Amino acid sequence: MSQGHDHHDHEEGSRFSDVELRVKALESLLVEKGLVNPETLDKLIDTFETRLGPRNGARVVARAWVDATYRQRLREDASAAIAELGYSGMQGEHMVVVENTPQVHNVVVCTLCSCYPWPVLGLPPVWYKSNAYRSRVVIDPRGVLKEFGVELPADVEVRVWDSTSEVRYLVLPERPAGTEGMSEQELAALVTRDSMIGTGRL
Amino acid sequence: MNGVHDMGGMHGFGPIEREEHEPVFHYRWEARTFALRQACGALGKWNIDMARHANERLRPEEYLPATYYERWLSGLQRLLVESGLLTPSELAGGKSEKPAPAGLVAFPPEKVETAVRTGRNYRVDTPVPAGFAAGARVIARNINPTGATRLPRYVRGKHGIVDRDHGVFIFPDANAAGLGPKPQHLYSVRFAARELWGADAAPKDCVCLDLWEDYLDPA
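Read top to bottom, the protein sequences are chains A and B. First residue of the first sequence: 24, per the working numbering; consecutive thereafter. First residue of the second sequence: 111, per the working numbering; consecutive thereafter.
These aren't lab readings, by the way, just hints derived from the structure by calculation.
Restraint-style ranges between C-beta atoms, simulated for each label pair: (1) 123/B / 103/A: 35 to 41 Å; (2) 225/A / 212/B: 52 to 58 Å; (3) 98/A / 253/B: 29 to 35 Å; (4) 114/B / 204/A: 50 to 56 Å; (5) 166/A / 213/B: 52 to 58 Å.
A short list of chain B residues far from chain A (calculated; beta carbon distances all over 12 Å): (6) 169; (7) 252; (8) 254.
In silico DMTMM-like links for lysine to aspartate or glutamate, alpha-carbon gap of 20 Å or less: (9) 205/B / 55/A; (10) 152/A / 166/B; (11) 169/A / 310/B; (12) 47/A / 62/A; (13) 292/B / 327/B; (14) 155/B / 192/B; (15) 221/B / 62/A; (16) 314/B / 178/A; (17) 221/B / 72/A; (18) 208/B / 55/A; (19) 314/B / 122/A; (20) 152/A / 172/B; (21) 205/B / 50/A; (22) 56/A / 200/B; (23) 47/A / 207/B; (24) 56/A / 192/B; (25) 221/B / 116/A; (26) 169/A / 127/B; (27) 169/A / 130/B; (28) 155/B / 55/A; (29) 169/A / 129/B; (30) 221/B / 69/A; (31) 314/B / 174/A; (32) 208/B / 50/A; (33) 47/A / 200/B; (34) 205/B / 43/A; (35) 292/B / 235/B; (36) 155/B / 200/B; (37) 152/A / 127/B.
Keep in mind the model is a prediction, meaning the values are calculated, not measured. The beta carbon of each residue, even a glycine, is placed where N, CA and C say it ideally should be.
Using the sequences and the accompanying hints, generate a full structural model.
Okay, structure coming up:
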C-alpha cells in the first residue's frame, strides 16, 4: 500500500467504522422497505470486481494495433467497434478513442466528478478520483505526467480531455517498437491501464 | 453551481498518491455503497444528472475531506430523502415507518447483467439544428448558474475551437433540475493551454471539453 492509504487507514480509522455502520443501516432499511434486493447488490459487486477491468480495454488496443480496418472503425464509431469485442454498457455508452502519435499525447480526466469508461477500464483507481489529479492535470499536465514517469519533449502536443459529458474517452497508446512479431494476445498483455488513461506510456 | 467539486486548475491538493495492484474496492462498505447507488438508481426516481448534483451539493467542508464512496453515500442518502423513498426520521432511526410507494419493485438480480451491459442512451434522436460546425471559433459563456452545470469555471469566457460535433444529447443543466432533456448539440471544444492558463503554459498544449450548445457563443 502507498503512503496515501496508510495515512487514510491511520487517520480516518475511527470514521471508517462509522461509515461502515451507516452503510449497513441504510442497506437493512432499504431491504426492509422492499426497495433493494441484497442479491442484486451481490451480483452488481461481482460484475464490477470480476467482469470489467482494463484487460477489456487492452484487447481493444491490441486489436487496433494489428488490424488497420478495426482501427478505422474505432475512429468512426468507437462504441460500435468496442461492442464488437463484447464490451458495452454503463458509462461506456458513447465512446471516443483518441490516438497517441509521435506528435500528440492524450490524457483523460474528469475535473467535475470522476467519469471513466467502465466497460473497457472497470472502475477508476483512487488517484483518478483524487482532488489532486482532478485539479492539476488540466493546468499542469506535463508536471503530472512527470510524476507518473512520463517525460515528453516540448514539441509533443499534450491534449487533455476533460470528460464533462456522457462521452467517455479511451487513449489508444502507440504500439511499442520491437513488437512486430507478437501475437494480438501477447500485445494485449503489454497494455497497461495507465497507458489507456494517458498517464502511462508503453 | 460554483462548488468545490469544480476543481480544475486549483492548487494545493498535494501530490497524486498511487497504489500498486489496487483492488476494485478497498472495503466491503465501498462495494455495498456502489451497488446500493446503482440498485436505488434503477428505481427510476432520479436521473444521472440529479445523482451527480446530489454529490456536488455536499457542503465544501464535507466534500473535500470525504473519500469518493463517502460522497456517494451522502449523495445517496440525500437522493432517497428528496425523492420521498425514505423519510428523514427513517434515515436517522434505521427503521421503516411507512411502506414504500405502491408499485415500486426492487431491481431484481437477474436483470443486473443486461442493465450493466446495455447502459442508457444519452443521445437523443430529435433533429435539432447545430449552431456550430467543426472548426468554428467559439467563446464559452460566462454563466454562473446556482444549479447543476457541466461548464467548468476554468473555461468560462475563454475562446476555443469546435473540434467535433458529438450529435444531440440530453442537456444536464435542465435534466438535473427536473425540467426535461432539453436536447441540443454537444461539441468537443479545444482550448489552447495558453488561453486558459496564460503565457507560462506550454505553447502547443490544449484542453478539450465536451460542451453543449447552451454553453457557447460564436467568437
